[in-house]
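*Asks:* Residues per chain, in single letters:
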Amino acid sequence: DAKTTQPPSMDCAEGRAANLPCNHSTISGNEYVYWYRQIHSQGPQYIIHGLKNNETNEMASLIITEDRKSSTLILPHATLRDTAVYYCIVRVSGSNYQLIWGAGTKLIIKP
Amino acid sequence: DTAVSQTPKYLVTQMGNDKSIKCEQNLGHDTMYWYKQDSKKFLKIMFSYNNKELIINETVPNRFSPKSPDKAHLNLHINSLELGDSAVYFCASSQEEGLGSGANVLTFGAGSRLTVL
Numbered sequence: 001d002a003k004t005t006q007p008p009s010m011d012c013a014e015g016r017a018a019n020l021p022c023n024h025s026t027i028s029g030n031e032y033v034y035w036y037r038q039i040h041s042q043g044p045q046y047i048i049h050g051l052k053n054n055e056t057n058e059m060a061s062l063i064i065t066e067d068r069k070s071s072t073l074i075l076p077h078a079t080l081r082d083t084a085v086y087y088c089i090v091r092v093s094g095s096n097y098q099l100i101w102g103a104g105t106k107l108i109i110k111p
Numbered sequence: 001d002t003a004v005s006q007t008p009k010y011l012v013t014q015m016g017n018d019k020s021i022k023c024e025q026n027l028g029h030d031t032m033y034w035y036k037q038d039s040k041k042f043l044k045i046m047f048s049y050n051n052k053e054l055i056i057n058e059t060v061p062n063r064f065s066p067k068s069p070d071k072a073h074l075n076l077h078i079n080s081l082e083l084g085d086s087a088v089y090f091c092a093s094s095q096e097e098g099l100g101s102g103a104n105v106l107t108f109g110a111g112s113r114l115t116v117l
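From first to last, the protein sequence lines are chains A and B.
Start counting the first sequence at 1; every next residue gets the next number (this note's numbering).
Start counting the second sequence at 1; every next residue gets the next number (this note's numbering).
Isolated chain B, as found in the complex (with noise of 0.2 Å):
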């Protein structure tokens, strides 16, 4: 059983399109996040959701609108896609590890790479 999986994993589309990512963790936690890989391989945290809520959103377009329809399950739609919007996509969630123990891991998914032409 995969922990936390994200669809799809390859997606090619053109510019100015709309494109979705879907990901689910079956581990019960209650945090996910979206973080983006770009070429230079550095990984930058974009959402973070807290049991529906969102907790992060860090400067990203607004053409980026995450969706949690539950705790299980966090989509990243994009609108109007862009050339720098090629990227590795990927989905993690995480358990506050005790009560304010400060520790915090992070299950990721595969990744979802998204070429834009």
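Here chain A stands alone, though its shape is the one from the complex (with noise of 0.2 Å):
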């Protein structure tokens, strides 16, 4: 099973790029990455994935090594709405659609 190692937290200034990294070393070829986040008190959002060339929406942008041994999700102008756990995962190879959820990383936002 593919797991992920993210740091437990991390601290940004409100309007600078916030670079979240996540190793997950034993990725098989074809899992996906996923990056999910979860402002206190609610649901889990979802907010980008990739399978091996980095990608980009509204949101945030997912960079992944050619190696696809790590990834990082970059929050290009973060503000403090973003002060979330974040979440790194990739889903468990011949489950279905099964995702292991580690710890995450405890981003806060600062003004």
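Mixed in with the good hints there might be a few duds.
Every beta carbon over 12 Å from chain B, so not counted as near; a handful from chain A, in silico [said to hold, decoys possible]:
1) Pro7
2) Glu14
3) Gly15
4) Pro21
5) Ile47
6) Glu66
7) Ser70
8) Arg81
9) Asp82
10) Thr83
11) Ile108
12) Pro111
In the DMTMM-like style, the derived pairs of lysine to aspartate or glutamate whose C-alpha atoms are separated by at most 25 Å in a straight line are [as the list claims (entries may be wrong)]:
13) A/Lys3 to B/Asp38
14) B/Lys40 to B/Glu53
15) B/Lys44 to A/Asp82
16) A/Lys110 to A/Asp82
17) B/Lys36 to B/Glu82
18) B/Lys44 to A/Glu14
19) B/Lys19 to B/Asp70
20) B/Lys71 to B/Glu53
21) B/Lys36 to A/Glu31
22) B/Lys9 to B/Asp30
23) B/Lys67 to B/Asp18
24) B/Lys22 to B/Glu58
25) B/Lys41 to A/Asp11
26) B/Lys40 to A/Glu55
27) B/Lys40 to A/Asp11
28) B/Lys41 to A/Asp82
29) A/Lys110 to A/Glu31
30) B/Lys71 to B/Glu82
31) B/Lys9 to A/Asp82
32) B/Lys9 to B/Asp70
33) B/Lys36 to B/Glu24
34) B/Lys44 to B/Glu58
35) B/Lys52 to B/Asp30
36) B/Lys41 to B/Glu82
37) B/Lys41 to B/Asp70
38) B/Lys36 to A/Glu14
39) A/Lys3 to A/Glu55
40) B/Lys9 to B/Glu58
Quick caveat, the hints were computed from the structure, so don't treat them as lab data.
Each residue gets a CB set at the ideal place from its N, CA and C atoms; glycine is no exception.
The two chains are supplied separately, each in an independent frame; assemble them into the complex guided by the hints.
*Replies:* Now the structure itself:
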């Protein structure tokens, strides 16, 4: 089973880019990397996902290394509302879309 | 319009009682899930249903019984509640992106906080 490793917490100044790292060294070739976030007292919210190529959407960018063993989620202009726990997840191969959730990174945006 | 809605949002009850949490999604998704988030904030999958059929049933006590009357609803019934059942329960739904693409994005409800006294 592919698992992920993330720093437990990070700070970022409001208006700056927040770069959240994730290691997934045992990821299989057909497993996607997903990023979700959970704002306090809310349900998890999907941010972005990718397989091999870098991805960008209206919320964030996802940079995946060429060997796919790590990735970085980038929030280009962090706001106070981006304070949340960010989860990096890979799907467990061979199961029906089961995602194994770790402890995530608590991102605190400071004014 | 709420995509995935759960009721109730808060539930406080005594040990030994039976309770249900309801979930409905209006996204037309084929798969629905129940997750449990404990006090340490880890999210663990409990059940997954695809088109009303159970496809994932993690090791949860048989006091927990999911019921899917149709693919838009997945209710969670809990018998003989115990203190350790206190947690936030999240319902989610998903639709596979493209045939065999392997990508699967979940949409979560706001959660139902269960407190067993």
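*Asks:* Next, verify each hint and record whether it holds.
*Replies:* Against the structure, the hints:
1. Consistency note on A/Pro7: stated as away from chain B, and its beta-carbon is indeed over 12 Å from all of that chain's, at 15 Å minimum.
2. With a least CB separation of 24 Å from chain B, A/Glu14 remains clear of the 12 Å interface cut-off, as annotated.
3. Residue-level check passed: A/Gly15 sits 28 Å from the nearest beta carbon of chain B, beyond 12 Å.
4. At roughly 20 Å, the least C-beta separation between A/Pro21 and chain B is larger than 12 Å, which holds for a residue marked as non-interface.
5. A beta-carbon of chain B is positioned within 12 Å of the beta-carbon of A/Ile47; the least distance is around 10 Å.
6. Every Cβ of chain B is farther than 12 Å from the Cβ of A/Glu66; the closest lies at roughly 20 Å, confirming the non-interface assignment.
7. Every CB of chain B is more than 12 Å from the CB of A/Ser70 (nearest about 19 Å), matching its label as outside the interface.
8. With a least beta-carbon separation of about 17 Å from chain B, A/Arg81 lies farther than 12 Å from that chain, consistent with its non-interface assignment.
9. Residue placement check: A/Asp82 keeps its beta carbon more than 12 Å from all beta carbons of chain B (closest about 18 Å).
10. Non-interface status of A/Thr83 relative to chain B is upheld: no Cβ of that chain comes within 12 Å, the nearest being about 15 Å off.
11. Listed as a non-interface residue, A/Ile108 keeps its Cβ farther than 12 Å from every Cβ of chain B; the least gap is roughly 15 Å.
12. At roughly 25 Å, the least C-beta separation between A/Pro111 and chain B is larger than 12 Å, which holds for a residue marked as non-interface.
13. Among the hinted pairs, A/Lys3 with B/Asp38 is consistent with the structure: their alpha-carbon atoms are about 20 Å apart, no more than 25 Å.
14. Between B/Lys40 and B/Glu53 the CA atoms are separated by roughly 30 Å; this puts the pair beyond 25 Å, and the hint is violated.
15. The straight-line distance between the Cα atoms of B/Lys44 and A/Asp82 is roughly 24 Å, inside the 25 Å bound, and the hint therefore holds.
16. Proximity of A/Lys110 to A/Asp82 is assessed by CA-CA distance (about 10 Å); at most 25 Å being required, the pair is judged to hold.
17. For the hint pairing B/Lys36 with B/Glu82, the CA-to-CA distance comes to about 14 Å; that is within 25 Å, so the pair holds.
18. This hinted pair does not check out: B/Lys44 and A/Glu14 have alpha carbons roughly 32 Å apart, beyond 25 Å.
19. Proposed proximity of B/Lys19 and B/Asp70 is supported: the alpha carbons are some 20 Å apart, at most 25 Å.
20. Taking the CA atoms of B/Lys71 and B/Glu53, the gap is near 9 Å; set against the 25 Å cutoff, the hint holds.
21. Of the supplied pair hints, the one linking B/Lys36 and A/Glu31 holds, its CA atoms being roughly 24 Å apart against a limit of 25 Å.
22. Among the hinted pairs, B/Lys9 with B/Asp30 is consistent with the structure: their alpha-carbon atoms are about 24 Å apart, no more than 25 Å.
23. Between the alpha carbons of B/Lys67 and B/Asp18 the distance comes to roughly 15 Å, so the proposed pair stays at or under 25 Å and holds.
24. Of the supplied pair hints, the one linking B/Lys22 and B/Glu58 holds, its CA atoms being roughly 19 Å apart against a limit of 25 Å.
25. A hinted pair counts as satisfied when its Cα atoms are at most 25 Å apart, and B/Lys41 with A/Asp11 qualifies at roughly 20 Å.
26. Under the criterion of a C-alpha separation no larger than 25 Å, the hint pairing B/Lys40 with A/Glu55 is inconsistent with the structure, at around 31 Å.
27. A hinted pair counts as satisfied when its Cα atoms are at most 25 Å apart, and B/Lys40 with A/Asp11 qualifies at roughly 21 Å.
28. For a cut-off of 25 Å, the pair hint linking B/Lys41 to A/Asp82 stands: about 18 Å separates their Cα positions.
29. Restraint check for A/Lys110 and A/Glu31: the C-alpha separation of about 34 Å exceeds 25 Å, so the hint is violated.
30. Using a Cα cut-off of 25 Å, the hinted pair B/Lys71 and B/Glu82 is violated, with the two alpha carbons roughly 29 Å apart.
31. For a cut-off of 25 Å, the pair hint linking B/Lys9 to A/Asp82 stands: about 23 Å separates their Cα positions.
32. With a C-alpha separation of about 22 Å, the suggested pairing of B/Lys9 with B/Asp70 holds against the 25 Å cut-off.
33. Among the hinted pairs, B/Lys36 with B/Glu24 is consistent with the structure: their alpha-carbon atoms are about 17 Å apart, no more than 25 Å.
34. The hinted pair formed by B/Lys44 and B/Glu58 meets the criterion: a straight-line CA distance of about 9 Å does not exceed 25 Å.
35. The straight-line distance between the Cα atoms of B/Lys52 and B/Asp30 is roughly 8 Å, inside the 25 Å bound, and the hint therefore holds.
36. Taken as a hint, the B/Lys41 and B/Glu82 pair is honoured in the structure, with Cα atoms around 19 Å apart against an allowance of 25 Å.
37. Under the criterion of a C-alpha separation no larger than 25 Å, the hint pairing B/Lys41 with B/Asp70 is inconsistent with the structure, at around 30 Å.
38. Distance check on the hinted pair: B/Lys36 and A/Glu14 sit about 32 Å apart at the alpha-carbon level, beyond 25 Å; violated.
39. Only pairs whose Cα atoms come within 25 Å are accepted, and A/Lys3 paired with A/Glu55 is accepted, the gap being roughly 21 Å.
40. Taken as a hint, the B/Lys9 and B/Glu58 pair is honoured in the structure, with Cα atoms around 24 Å apart against an allowance of 25 Å.
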